[in-house]
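There are 4 protein chains.
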Amino acid sequence: MLCFLTSSLNPMRIHGVCCNLHRSAFRIILSSPQGDLERTAQANGTKAIYQAIDVQDEGSIATALDILKFDLRHPICGFVSCAAISGESDACDYPADVFRHILDVNISGTFLLARAIANEMHQASISGSMVLIASMSGHVSNRGINTSAYNASKAAIHQLARSLAAEWGHPQNTFLGSTATATNPHPSMAPRKEYPTVRVNTLSPGHIDTPLSEAARVRGLTEEWASQNMLGRISQPEEYRAPVIFLLGDGSSYMTGAVSTLCWILLS
Amino acid sequence: MLCFLTSSLNPMRIHGVCCNLHRSAFRIILSSPQGDLERTAQANGTKAIYQAIDVQDEGSIATALDILKFDLRHPICGFVSCAAISGESDACDYPADVFRHILDVNISGTFLLARAIANEMHQASISGSMVLIASMSGHVSNRGINTSAYNASKAAIHQLARSLAAEWGHPQNTFLGSTATATNPHPSMAPRKEYPTVRVNTLSPGHIDTPLSEAARVRGLTEEWASQNMLGRISQPEEYRAPVIFLLGDGSSYMTGAVSTLCWILLS
Amino acid sequence: MLCFLTSSLNPMRIHGVCCNLHRSAFRIILSSPQGDLERTAQANGTKAIYQAIDVQDEGSIATALDILKFDLRHPICGFVSCAAISGESDACDYPADVFRHILDVNISGTFLLARAIANEMHQASISGSMVLIASMSGHVSNRGINTSAYNASKAAIHQLARSLAAEWGHPQNTFLGSTATATNPHPSMAPRKEYPTVRVNTLSPGHIDTPLSEAARVRGLTEEWASQNMLGRISQPEEYRAPVIFLLGDGSSYMTGAVSTLCWILLS
Amino acid sequence: MLCFLTSSLNPMRIHGVCCNLHRSAFRIILSSPQGDLERTAQANGTKAIYQAIDVQDEGSIATALDILKFDLRHPICGFVSCAAISGESDACDYPADVFRHILDVNISGTFLLARAIANEMHQASISGSMVLIASMSGHVSNRGINTSAYNASKAAIHQLARSLAAEWGHPQNTFLGSTATATNPHPSMAPRKEYPTVRVNTLSPGHIDTPLSEAARVRGLTEEWASQNMLGRISQPEEYRAPVIFLLGDGSSYMTGAVSTLCWILLS
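Protein chains in written order, with my numbering: chain A, 1 to 268; chain B, 1001 to 1268; chain C, 2001 to 2268; chain D, 3001 to 3268.
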């Protein structure tokens, strides 16, 4: 299975996902700032092609896919979106440009990538599966940590996935035509082209133990989070491998638009 | 109770909300493109002050509040955010700039308004209540209508409300300090100032019968939606009055971060 | 509006609900072990008719309604179900008969009452509204307190309400006929009778400060719960008045099958 | 991995689950009315031990486990609960005894089985994983089919799983002692024994194409359900294999109390 992944800024998290894909004999196309991924792939007896990408830029995404496709013998049939940034700030002090930047990378960036890959799948006329990494923070309000932009963006990913799952799941899900708007004054009434199903699901990680969480550990947050968790601990990056593989593969053939939550928290 | 409302582009919806506020002896400050709201208020024996506003512009919001406050004898203690736009387009054809514009008006616009009002409440040292109008489309994937940007933005509103509810609900909800980031390299470790509680809830309307839904009626969608609804009909704008009043007033004193859904649909 | 309420064993909770109904000029029929409710009603300038009832017994419910109706000039158009019991026990030690008793009172008892009232509404050919009191414990796993039977029963109430809302919301919600089973070997294929809409919603209280919670207070649980709550406190019985009234009345005309949650908790 | 499964009355469903376990080299203990399961296991090169069981009877469960353990060299570390019955009846006509029977088999039966297995795991001092089969009907109100008892029972399973997940996830999740009640007048204040984690998750199938659904097909419901589904079809029993295996195995090590939904429906 030929998969396309975007990394977060978190090297451990992408590492966690990649190792698992290697072991499952997935062939991966990586788009990550981490140069050592090719070496990791090689060490696991597979091949990874690295390509830098700006997820906010349609042109950058198109160029990256063109370059990557030059090296590929099979069409891409899997996609894992890990691209996301966060930032901690009280809502009343949140710089508006930072708030917007987080929304744009996390929501629009994910959207532009997902549809670029869907178009690839449509052109190849193959079924595919996408996993959009969301977050526990898209479901609940994180205790103590003020990250309103991140939280909002991750809830948006849940609903974006559901919308894309409906659009790409079956032609019956879209009524003929659309209401004319300023940006679409003369909507086509022609029947839409039909494509094989592209499934879109989300995965909502809980707190993860990574180098990036070192600051949280120093502040005592990691311990606090563990004390609130049903399992009494935060998660390891490796624990996201199998869920990603499961959602990408045929084993989840009847899942689309679904939210898989890891690390359900305790509630008082 | 002195309330601040933003309208959607939908004159009937804002009208529905306003009439109810009038009858409940609320005094309202309106920010709407509809000039006839002052007349509506007068006809109902209350006063409404109109002020145009650009919800994407912090400066415009600040200026509008300054002008409005000049006329007010009491601090604002209620806020209803109706500002939202939508657009129907297949995800694969969605113009990126339209997609982003919808996210920015609906999420960032709502955020900038909500915190401007929260700051007013904090400065006046009074408790307040906010109602952010979200949508059924933030919970479910609308059948047949491809509005991925709108859907994602409305789910973001649910989670934004939950985040703001936590931040403005009680000082215990925020841990001391924050993790340094590029945009906040030296976070303050000083205890935060404490303010009276500001509650933040969302209301998720279902399909509404308005002039704007005329196009949907012509396409047969209204009938389709009614056939899927538990009550066998779409809703009237007037049916949102009482829910808004209930969430704004003291009767919902133990509700914050909550999602109130109107028009739950049938599921097969 | 003529309403029928069942009490929990919690005198403060029923008191909270009743006072509010009185002040809103509702006329109430009470079914509660608390004899002082008639005096409370009288003190508030209204009338309450008390009738003991065994919610697990269809015959007892029918008899109570017959007796009550003898005194009524208007048909019952509202119903609030507060009947519920709980019990704290580790799942591995839970006496099976206690587990079952809690399920039966809370789920079957609520069901038998709700449909007895629905039949009254159907016979009178009037619209009605029901509020089934569920619980935060039907959504989340309560921290520290092991009440698996109660939790399961309250989630069942959410879904029971949704099912009844669909059945009693509109005739289109029920397909013609039904699949034959051992208990229904020859299902009728005749069109069902049509009735005015009966709306069914649930209300999910959070922790409430009542005499019954004294034990929790002594154990330090009340303080723990307050420390986890977005508002930094547990709730007062009075805070459930307005939500009940809102859901019973016409202001919530487009709400059915909906879950209203009070006291949303903080999540880490 | 040694697993214990209970079947539903649906031979195809249990067959679907078993085949997958066979191929994944699970060793299964079956408790099913279907005698051909031993042959199925043998044909797949594994061994299945069959034992009839009455899920409503603690004694029957204990006896079955005693008999089965006599043949086992390893402790049971997995459990899949498929035991459930349904019945279609309008709420207003539902025979009270049938309503109660469905609740008792589906909720109490599942509970008694789950804790019997948890006690086995606790005694063997090993970690384990349970999958309680719930249903889409525990989340949504099925269109057209009036099955209020089944729906309520399946929502109860979601919440039962969450409660058991908390109790069996980590000792920190249970406060010391408990409030005295009539059934537990002198609760112990002794610290609870600590055991390895037992994870408890639910799986919510959508409509499944089985021999039992033949009646639904004849009535045209299957086609209706497919027309409402995001994937344009109902599911095959085989599509539940991988999800069950995933939740039972170590790949889902950070999932407990989680709900996995298959076959998310379209909403209008």
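None of these hints come from the bench; they were simulated from the model. Just so it is clear, the structure is predicted and the values come from calculations on it, not from any experiment. Hints should not be assumed to be uniformly reliable.
What follows is a set of in silico ranges between Cβ atoms, one per label pair, in the way DEER data are often shown [as the list claims (entries may be wrong)]:
| no. | chain 1 | residue 1 | chain 2 | residue 2 | range |
| --- | --- | --- | --- | --- | --- |
| 1 | B | Asp1093 | C | Ser2125 | 24 to 32 Å |
| 2 | B | Asp1093 | A | Val218 | 56 to 64 Å |
| 3 | C | Ala2062 | A | Arg192 | 55 to 63 Å |
| 4 | B | Thr1063 | A | Asp93 | 36 to 44 Å |
| 5 | A | Pro171 | C | Ser2188 | 31 to 39 Å |
Facing chain A, according to a computed beta carbon distance under 10 Å, are these residues of chain B, among others [claimed, not checked]:
| no. | residue |
| --- | --- |
| 6 | Thr1063 |
| 7 | Phe1070 |
| 8 | Leu1072 |
| 9 | His1074 |
| 10 | Ala1091 |
| 11 | His1139 |
| 12 | Ala1166 |
| 13 | Ala1180 |
| 14 | Asn1184 |
| 15 | His1186 |
| 16 | Arg1219 |
Quick reminder that beta carbons are idealized off the backbone N, C-alpha and C, glycines included.
Hint by hint, here is what the structure shows:
1. Checked against the hint of 24 to 32 Å, the pair aspartate 1093 of chain B and serine 2125 of chain C fails, with Cβ atoms roughly 51 Å apart.
2. A hinted range of 56 to 64 Å for the beta carbons of aspartate 1093 of chain B and valine 218 of chain A is inconsistent with their spacing of about 48 Å.
3. Taking 55 to 63 Å as the suggested C-beta distance range, the pair alanine 2062 of chain C and arginine 192 of chain A conforms, at roughly 56 Å.
4. Against the hinted window of 36 to 44 Å, the Cβ-Cβ separation of threonine 1063 of chain B and aspartate 93 of chain A comes to about 20 Å, which falls outside the hint.
5. The beta-carbon spacing between proline 171 of chain A and serine 2188 of chain C, approximately 37 Å, falls within the hinted interval of 31 to 39 Å.
6. For threonine 1063 of chain B, the shortest C-beta to C-beta distance to chain A is roughly 15 Å, which exceeds 10 Å, and the interface hint is violated.
7. Because the closest C-beta pair between phenylalanine 1070 of chain B and chain A is about 23 Å apart, greater than 10 Å, the hint is violated.
8. The beta carbon of leucine 1072 of chain B is not positioned within 10 Å of any beta carbon in chain A (closest approach about 21 Å), and the interface hint is therefore violated.
9. A least Cβ separation of about 22 Å between histidine 1074 of chain B and chain A goes past the 10 Å threshold, and the interface hint is therefore violated.
10. Look at alanine 1091 of chain B: its Cβ gets to within about 5 Å of chain A, closer than 10 Å, so that hint holds up.
11. Against a cut-off of 10 Å between C-beta atoms, the interface hint on histidine 1139 of chain B holds, since the closest Cβ of chain A lies about 8 Å away.
12. Taken as an interface hint, alanine 1166 of chain B checks out: its beta carbon lies about 4 Å from the nearest beta carbon of chain A, inside 10 Å.
13. For alanine 1180 of chain B, the interface hint holds, since its Cβ comes within 10 Å of a Cβ in chain A; the closest pair sits about 7 Å apart.
14. A least Cβ separation of about 6 Å between asparagine 1184 of chain B and chain A falls short of the 10 Å threshold, and the interface hint therefore holds.
15. Given the 10 Å rule on beta carbons, the hint for histidine 1186 of chain B is violated: about 13 Å separates it from the nearest Cβ of chain A.
16. At a threshold of 10 Å, the smallest CB-CB gap from arginine 1219 of chain B to chain A is about 7 Å, leaving the interface hint in force.
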